[in-house]
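Given the coordinates of chain C, work out where chain S should sit on it, guided by the hints.
2 protein chains.
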Amino acid sequence: MSLLIVGSVALDTVEANKRKIKDALGGSAMYSSMSASYFADTAVVAVVGADFPYEYIRLLNRHKIDTSGLAVSSGKTFRWCGKYSCDLNQAKTINTQLNVFSDFTPVLSKEHKSSKYLFLANVDPDIQEKVLDSVKNPKFVALDTMNLWISKKIQKLKSVFKRIDLLLINEDEAKQLSKKNNIIQSAKKIMSMGPEILVIKRGEFGAMLFYKNNLFSIPSFPLEKVEDTTGAGDTFAGGFIGYLASCPKITFQELKKAMVYGSVMASFNVESFSLGKLSSLTLNDISKRFTAFKKITEF
Amino acid sequence: MSLLIVGSVALDTVEANKRKIKDALGGSAMYSSMSASYFADTAVVAVVGADFPYEYIRLLNRHKIDTSGLAVSSGKTFRWCGKYSCDLNQAKTINTQLNVFSDFTPVLSKEHKSSKYLFLANVDPDIQEKVLDSVKNPKFVALDTMNLWISKKIQKLKSVFKRIDLLLINEDEAKQLSKKNNIIQSAKKIMSMGPEILVIKRGEFGAMLFYKNNLFSIPSFPLEKVEDTTGAGDTFAGGFIGYLASCPKITFQELKKAMVYGSVMASFNVESFSLGKLSSLTLNDISKRFTAFKKITEF
Numbered sequence: 001m002s003l004l005i006v007g008s009v010a011l012d013t014v015e016a017n018k019r020k021i022k023d024a025l026g027g028s029a030m031y032s033s034m035s036a037s038y039f040a041d042t043a044v045v046a047v048v049g050a051d052f053p054y055e056y057i058r059l060l061n062r063h064k065i066d067t068s069g070l071a072v073s074s075g076k077t078f079r080w081c082g083k084y085s086c087d088l089n090q091a092k093t094i095n096t097q098l099n100v101f102s103d104f105t106p107v108l109s110k111e112h113k114s115s116k117y118l119f120l121a122n123v124d125p126d127i128q129e130k131v132l133d134s135v136k137n138p139k140f141v142a143l144d145t146m147n148l149w150i151s152k153k154i155q156k157l158k159s160v161f162k163r164i165d166l167l168l169i170n171e172d173e174a175k176q177l178s179k180k181n182n183i184i185q186s187a188k189k190i191m192s193m194g195p196e197i198l199v200i201k202r203g204e205f206g207a208m209l210f211y212k213n214n215l216f217s218i219p220s221f222p223l224e225k226v227e228d229t230t231g232a233g234d235t236f237a238g239g240f241i242g243y244l245a246s247c248p249k250i251t252f253q254e255l256k257k258a259m260v261y262g263s264v265m266a267s268f269n270v271e272s273f274s275l276g277k278l279s280s281l282t283l284n285d286i287s288k289r290f291t292a293f294k295k296i297t298e299f
Numbered sequence: 001m002s003l004l005i006v007g008s009v010a011l012d013t014v015e016a017n018k019r020k021i022k023d024a025l026g027g028s029a030m031y032s033s034m035s036a037s038y039f040a041d042t043a044v045v046a047v048v049g050a051d052f053p054y055e056y057i058r059l060l061n062r063h064k065i066d067t068s069g070l071a072v073s074s075g076k077t078f079r080w081c082g083k084y085s086c087d088l089n090q091a092k093t094i095n096t097q098l099n100v101f102s103d104f105t106p107v108l109s110k111e112h113k114s115s116k117y118l119f120l121a122n123v124d125p126d127i128q129e130k131v132l133d134s135v136k137n138p139k140f141v142a143l144d145t146m147n148l149w150i151s152k153k154i155q156k157l158k159s160v161f162k163r164i165d166l167l168l169i170n171e172d173e174a175k176q177l178s179k180k181n182n183i184i185q186s187a188k189k190i191m192s193m194g195p196e197i198l199v200i201k202r203g204e205f206g207a208m209l210f211y212k213n214n215l216f217s218i219p220s221f222p223l224e225k226v227e228d229t230t231g232a233g234d235t236f237a238g239g240f241i242g243y244l245a246s247c248p249k250i251t252f253q254e255l256k257k258a259m260v261y262g263s264v265m266a267s268f269n270v271e272s273f274s275l276g277k278l279s280s281l282t283l284n285d286i287s288k289r290f291t292a293f294k295k296i297t298e299f
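In the order they appear, the protein sequences are chains C and S.
Once you know that position 17 of the first sequence is 17 in the numbering used here, the rest is easy, because the numbers rise by one and skip nothing.
Once you know that position 85 of the second sequence is 85 in the numbering used here, the rest is easy, because the numbers rise by one and skip nothing.
One chain only, chain C, in its complex shape (with noise of 0.2 Å):
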């Protein structure tokens, strides 16, 4: 089964813990792509600028992510600058530039468009909705959003909310959308929005399921260092969505291993700066810490 992926690449300047780094692979597409293509055949559609580095398309080659949708355009790739604070939950936008991603419209080859599972990554919504447009007869559709957008196109989200099967946003966000302050209130109130599917991301201290009338709750995996933040919420959809794409059925047992195998590859991102450690995985890697995963939430 095939994972379609829109969202965006970015180029981050990142300072956590007393390090920085400068222009390192990052964006939404790009860590939820790496993140699935552990699982599932995965493809990207996204704008780069000319100054993109192209070993990073050979990065996503060598994860044989299809990066034929990937446009590059004149101009700069997106930069994304940020800073944490010493408890690493939440990053300081310094500046964002949206260069060549102001004016972004997604083209679909007719492979992509034939896609069973699709991805839509943190991106403005009308490229969402333009994407979903585009591809015929989808079995799964996800997506993922932000705050930003809650608050500035939320007309536009309703109406895609009620095409797409799993929602993923993060606590805060959550509460923002239904201005609720009980995460269960919360969730009945965004669920009777569209999606069937809820997955609302509570950074460190894990994740919750929601799924018709069940409930499924994780800590995350606990990490005695952590290096940097940034993309855990896209790493996690990656791993959530590329684990069902490989699923015959899905289940809501296959949901909830779902839940782990994107919480296991969110913590593998987070010890590391931008994909460092993500892109650096074997399968064995990745099944050892979901047995740990159980051992340590096991009774």
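Be careful, since some hints might not be right.
Label pairs and their calculated CB-CB ranges [what the hints assert, rightly or not]:
id, chain 1, residue 1, chain 2, residue 2, range
1, C, D285, S, N147, 36 to 42 Å
2, C, K139, S, D172, 51 to 57 Å
3, C, K18, S, N95, 37 to 43 Å
4, S, T282, C, K179, 33 to 39 Å
5, S, K22, C, C86, 39 to 45 Å
Quick list of in silico lysine-lysine cross-link-like pairs, DSS-like style, CA-CA up to 27 Å [unchecked claim]:
id, chain 1, residue 1, chain 2, residue 2
6, S, K116, S, K256
7, S, K257, C, K179
8, S, K212, C, K295
9, C, K179, C, K153
10, C, K277, S, K225
11, C, K256, C, K288
12, C, K83, C, K277
13, C, K20, S, K175
14, S, K295, C, K257
15, S, K179, C, K225
16, C, K225, S, K256
17, C, K130, C, K152
18, S, K130, S, K116
19, C, K295, S, K113
20, S, K288, C, K188
21, S, K130, C, K288
22, C, K294, S, K257
23, C, K189, S, K162
24, C, K256, S, K288
25, C, K180, S, K18
26, S, K288, C, K212
27, C, K295, S, K130
28, C, K212, S, K225
29, C, K180, S, K83
30, C, K288, S, K188
31, C, K92, S, K294
32, C, K295, S, K294
33, C, K257, C, K225
34, C, K295, S, K180
35, C, K175, S, K18
36, C, K188, S, K156
37, C, K256, S, K130
38, S, K18, C, K179
39, C, K189, S, K18
40, C, K179, S, K188
Hints are computed from structural coordinates only; laboratory data are not their basis.
Every residue, glycine too, gets a C-beta built ideally from N, C-alpha and C.
Structure of chain S alone, referenced to chain C:
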């Protein structure tokens, strides 16, 4: 096996969810003993004033809590007045009146001195130490504390830590005590101070257990309606230690179940003000929620 708990008895005035209760039963000894009483024979050592409503003592006795160690001093009962913001995670203390607590010296009966399980609930570490000195050869000693004592009496606390088996502490206090931001690093540092077992309570985000080189992590039990979180940590501790006191042997497996029972009891407690719900449970309620907890965390 009998469990002796020393801690505070308070008359609480609490504002939460736009409701307010006045002079309701509270204090670390009350929440923890009520919670423990569902699992083990429990006795309390504490002090109240002459104004303490007799109905509260009858309530404790109906739960077979031994109140022979509850000293009634002339003067007023300890009072705490707090207010919660809408997220219910953190109370703002409006005022604290120590009253009879200010010169409380615990005196233990012969029977209490031979208690096998001892819980030094959150009070002044000088009081905790006096009780610990009085109990002959306890099998298991647990302690809870708070930010105030970590700031004001750290040397006394550290000397008591060397004599306990289990420390229960919330996440902020763990960071304050260890001067570490990472929870795993924090746990290692705290365990090097003495306790072989450490529980870090994370409120609505669950709890973590550290035992030798083992780790266990749980989310909290999800609730659609939370009324008042006062005493949740004490209730957790009471359920945890009460369950342990009912086990023939303390193993990692039993400690994990104690975590879940602690969490289950705390989840009931926050569903009402004061000890309303906590004091009106059946063993069947507890057992059903334990099973529900397993269902929402198992994969």
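Hints, verified against the model:
no. : hint                        : verdict
1   : D285/C x N147/S: 36 to 42 Å : holds (39 Å)
2   : K139/C x D172/S: 51 to 57 Å : violated (45 Å)
3   : K18/C x N95/S: 37 to 43 Å   : holds (41 Å)
4   : T282/S x K179/C: 33 to 39 Å : holds (36 Å)
5   : K22/S x C86/C: 39 to 45 Å   : holds (41 Å)
6   : K116/S x K256/S             : holds (21 Å)
7   : K257/S x K179/C             : violated (36 Å)
8   : K212/S x K295/C             : holds (15 Å)
9   : K179/C x K153/C             : holds (16 Å)
10  : K277/C x K225/S             : violated (40 Å)
11  : K256/C x K288/C             : holds (17 Å)
12  : K83/C x K277/C              : holds (20 Å)
13  : K20/C x K175/S              : holds (25 Å)
14  : K295/S x K257/C             : holds (14 Å)
15  : K179/S x K225/C             : holds (15 Å)
16  : K225/C x K256/S             : holds (24 Å)
17  : K130/C x K152/C             : holds (18 Å)
18  : K130/S x K116/S             : holds (16 Å)
19  : K295/C x K113/S             : violated (39 Å)
20  : K288/S x K188/C             : holds (23 Å)
21  : K130/S x K288/C             : violated (48 Å)
22  : K294/C x K257/S             : holds (15 Å)
23  : K189/C x K162/S             : violated (50 Å)
24  : K256/C x K288/S             : holds (22 Å)
25  : K180/C x K18/S              : holds (16 Å)
26  : K288/S x K212/C             : holds (21 Å)
27  : K295/C x K130/S             : violated (39 Å)
28  : K212/C x K225/S             : holds (19 Å)
29  : K180/C x K83/S              : holds (20 Å)
30  : K288/C x K188/S             : holds (23 Å)
31  : K92/C x K294/S              : violated (37 Å)
32  : K295/C x K294/S             : holds (14 Å)
33  : K257/C x K225/C             : holds (25 Å)
34  : K295/C x K180/S             : holds (25 Å)
35  : K175/C x K18/S              : holds (19 Å)
36  : K188/C x K156/S             : violated (48 Å)
37  : K256/C x K130/S             : violated (49 Å)
38  : K18/S x K179/C              : holds (17 Å)
39  : K189/C x K18/S              : holds (22 Å)
40  : K179/C x K188/S             : violated (39 Å)
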